[in-house]
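K.L.:
In case you want the letters, here they are:
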Amino acid sequence: MLKIKNVSLAFGEHQVLDNLNLEFKQGQIIGLVAPNGTGKSTLINVILHNLIPQRGEVEYDSLTYSSNKNEVKLHKSICAFPDQNDLFPYMTGRDHLKLYADLWHNSSSSVNEIISQLQMASYIDKKTATYSLGMKQRLCFAMVVAADTSVMLLDEIMNGLDPQNVSLISDVLIELKRKGKLLIMASHLLQNLQLYADRVLFLKSGHVIQDINLQDNKELYLKLQDSNKVESIIKNIKHLKLANGLNLISLAELDNLKKEKLMQDLALNLIPYKVEPISLEDLFEIHYGE
Amino acid sequence: MKRTYFLLQLKLFFNNPKNIGLFIISAIVALYFGLVSAPNHHIIEKIDQPAIQAELDDHQAFIKIADKEFQRSANNPNAMPPSKGAKEAKRTYPTIIKLDKLRLQALNNNNYRAYASFSWQWYHYLDSLLFQKAIQNYTYPSEYYSQTNYPGYDGHYGYSRITALYKGLSQGKTSVNKDILEERTSLQILQKSLSGWSVILLIIFVCLFTCDLLTYDQKFRTILKNIPLTKTFQLGTKLVVAFIGIIFNFLISFLIIILCTAPRYGLGSLSLAVPIYRGRPYYEFSFKTISLGRYFVYFSMMALLVILIFISLSILISLLIKNSYITAILTIIVAVIAKVSYFSLGMGYVYPWLRYLPTTYFTIGDSLSGYLSYLMGTPGWGFQWGLMPLLVLLIGLNLLLLIFSNSRRFSII
Chain A
1 MLKIKNVSLA FGEHQVLDNL NLEFKQGQII GLVAPNGTGK STLINVILHN LIPQRGEVEY
61 DSLTYSSNKN EVKLHKSICA FPDQNDLFPY MTGRDHLKLY ADLWHNSSSS VNEIISQLQM
121 ASYIDKKTAT YSLGMKQRLC FAMVVAADTS VMLLDEIMNG LDPQNVSLIS DVLIELKRKG
181 KLLIMASHLL QNLQLYADRV LFLKSGHVIQ DINLQDNKEL YLKLQDSNKV ESIIKNIKHL
241 KLANGLNLIS LAELDNLKKE KLMQDLALNL IPYKVEPISL EDLFEIHYGE
Chain B
1 MKRTYFLLQL KLFFNNPKNI GLFIISAIVA LYFGLVSAPN HHIIEKIDQP AIQAELDDHQ
61 AFIKIADKEF QRSANNPNAM PPSKGAKEAK RTYPTIIKLD KLRLQALNNN NYRAYASFSW
121 QWYHYLDSLL FQKAIQNYTY PSEYYSQTNY PGYDGHYGYS RITALYKGLS QGKTSVNKDI
181 LEERTSLQIL QKSLSGWSVI LLIIFVCLFT CDLLTYDQKF RTILKNIPLT KTFQLGTKLV
241 VAFIGIIFNF LISFLIIILC TAPRYGLGSL SLAVPIYRGR PYYEFSFKTI SLGRYFVYFS
301 MMALLVILIF ISLSILISLL IKNSYITAIL TIIVAVIAKV SYFSLGMGYV YPWLRYLPTT
361 YFTIGDSLSG YLSYLMGTPG WGFQWGLMPL LVLLIGLNLL LLIFSNSRRF SII
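Here the protein sequences line up with chains A and B, keeping their order. Note that the UniProt record's numbering gives residue 217 to position 217 of the first sequence, counting from 1, and the numbers run on in steps of one. Note that the UniProt record's numbering gives residue 298 to position 298 of the second sequence, counting from 1, and the numbers run on in steps of one.
Just so you know, the hints here were simulated from the structure itself, not pulled from any lab data. One or more of the hints may lead you astray.
To be verified - Interface residues of chain B toward chain A, partial, derived using beta-carbon atoms under 10 angstroms: (1) 10; (2) 12; (3) 13; (4) 59; (5) 407.
As the list claims (entries may be wrong) - To spell it out: a stretch of chain B is covered by chain A in this simulated footprint if at least three of its residues, at any positions, have a beta carbon under 8 angstroms from a beta carbon of chain A; those stretches are: (6) 212-221; (7) 225-231.
Since we're looking at a predicted model, the values are computed, not measured. Here a beta-carbon is modelled for each residue, glycine too, at the ideal position from N, C-alpha and C.
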């Protein structure tokens with residue numbers, strides 16, 4: 001289990017993480033959601049010990065970054081997604097995968113499996129200087145998979161990927177989760193995150209403002225785009241209006257009579273609506289919408 | 001895992017554009033040295049048969065005049081007594097004329113071993129007349145007067161050196177030819193040139209190779225930052241990799257010099273004699289000789305220490321100040337500080353404790369050949385003396401590296 005204990009970190013006056021306490025279990029995908037510059041990458045860097053918090057500590061399997069020796073031990077269990085701009089231009093993709101597999105004591109045979117799984121065979125033996133952004137991004141992800149650590153920190157892995165590749169990587173993420181890995185991901189692709197994340201943390205002002213377990217997120221909401229007609233229909237019903245013009249009405253909070261009346265009104269006025277659990281995009285709008 | 005990191009660092013070193021530039025510059029410098037500089041190097045004590053013949057003719061002519069002076073004086077008691085020059089000529093010229101004749105005969109027979117044997121006696125005899133007896137009839141070659149501030153001593157140093165060289169070569173087992181006697185063979189060129197500013201230039205290359213050993217990793221920060229290896233191991237690997245890269249560069253440069261010079265002058269032999277100054281000008285023989293092979297073993301030992309010192313120093317500075325330019329400037333200052341400060345002022349005579357400073361021995365060749373002893377005016381600046389300060393500095397630097405690499409305040413990337 002990975003524990004973030006009372007972690008506070010500030011850059012000058014700017015408090016990025018404020019007394020954060022979190023616990024993450026193996027076999028889960030954790031999403032970190034927040035607008036840019038609100039602490040997602042900072043939290044990942046604190047977990048890696050690239051940034052040392054002014055207060056608090058990170059603990060994994062009862063180990064903390066209390067010594068250089070422990071740091072090496074922890075880095076044997078924790079691997080982070082590298083930046084595609086940092087790839088060695090004169091080395092092939094296969095060299096990169098072998099490098100990470102070897103550095104983390106994994107067999108080179110796993111490299112071939114990863115290449116096949118991520119459909120990289122056509123370019124893996126070319127130098128990375130010739131790769132497109134999407135190819136580099138896929139390689140960086142493959143490197144983390146090759147390291148095969150029990151904790152994987154993935155900061156914006158879907159950036160620059162086409163839908164096909166997003167889907168491909170999503171499948172691998174689910175497979176990794178099934179194998180018991182703990183994956184912590186910072187992502188802006190909320191729809192995609194919703195597909196496989198078990199738990200999503202919304203960060204703001206150094207705090208986790210919402211920690212949602214998507215497995216338990218079954219409560220249904222009626223979702224309506226804002227208009228004059230909609231406004232008049234729902235004016236007497238408790239609802240939440242988002243900055244993007246979406247209105248959310250919790251069905252659990254309506255009695256049957258009100259529900260029937262509301263449906264009738266919407267049908268009569270030909271107003272489209274959706275009934276589904278609250279999405280990460282909705283929550284993003286709630287927390288960060290202007 | 002450790003092998004993988006080592007191979008990665010090796011790849012990074014050899015693919016670093018700055019290092020590739022340094023490899024190319026080294027090769028160009030080596031080519032220039034081998035093709036232009038070494039062949040045009042002026043040799044003071046070169047084998048010049050016409051010059052020996054001319055000198056012999058002069059001496060024979062002068063001794064005839066001296067004979068006449070003595071005859072005139074003997075025949076007429078009222079005549080002027082023989083001049084001091086004539087007296088000295090009568091006393092000294094016969095030996096010189098005899099040796100000159102033998103030298104010429106040896107050259108006519110292409111017997112360079114015999115030439116070396118008669119020549120060392122010639123130089124030794126002439127030097128004793130010049131340096132110890134200060135006879136005015138003779139002078140050292142003009143180059144000793146035009147190039148240095150201490151012509152008497154420099155001439156004595158030069159003649160004593162050539163005496164030891166020729167004696168060693170004439171008594172050695174290796175066959176001797178003109179190029180060997182003039183120290184033009186590849187191995188002899190390397191031995192002679194690896195001293196003074198040449199070695200400082202090589203150390204500057206070491207500084208430039210190593211100044212970005214740590215900062216270059218910044219380009220690949222997120223890949224290398226969190227790998228599960230201790231900082232001490234990573235720094236140690238970088239040290240070894242830089243050492244291999246630098247040795248490789250120097251060996252290639254030396255090979256280029258050998259390929260440029262060997263076809264023309266021959267490779268030479270490791271059993272050839274190398275003169276080493278013993279530290280006192282008034283010994284009968286101020287130089288002893290060791291074999292070229294032994295000289296290169298000593299040189300290699302000191303060079304390895306000096307290279308490791310500068311790699312360690314670069315890594316240490318880079319660990320504290322993550323700026324390759326500052327690292328390069330500071331290490332180059334350390335490399336040249338002795339040469340531009342106390343060496344140039346001749347302070348060794350005044351401050352003998354300078355022999356305990358490692359900086360004194362960075363020029364290596366000067367120390368091994370005894371030229372440093374000559375400059376400092378005392379024995380004891382050679383291999384045995386240089387080894388300890390260099391070793392102590394290297395150990396000290398690596399202890400500091402160990403301490404700082406275990407400090408959590410200093411990261412590699």
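K.L.:
Run every hint past the structure and note whether it holds.
P.N.:
Hints and how they fare:
1. Hint status for residue 10/B: violated, given a least beta-carbon distance of 12 angstroms to chain A, over 10 angstroms.
2. Evaluation of the residue 12/B hint against chain A yields a held restraint, the C-beta minimum of about 8 angstroms falling below 10 angstroms.
3. Of the supplied interface hints, the one on residue 13/B is violated, with its beta-carbon coming no nearer than about 12 angstroms to a beta-carbon of chain A, more than 10 angstroms.
4. Interface hint status for residue 59/B: violated, as the beta-carbon distance to the closest one in chain A is roughly 70 angstroms, over 10 angstroms.
5. A least Cβ separation of about 9 angstroms between residue 407/B and chain A falls short of the 10 angstroms threshold, and the interface hint therefore holds.
6. With 3 residues carrying a beta carbon less than 8 angstroms from a beta carbon of chain A, the stretch 212-221 of chain B meets the three-residue requirement, and the given coverage holds.
7. Here the stretch 225-231 of chain B counts 7 residues with a CB under 8 angstroms from a CB of chain A, which clears the bar of 3, and the coverage holds.
In terms of the numbered hints stated before, the structure departs from hints 1, 3 and 4, listed from lowest to highest.
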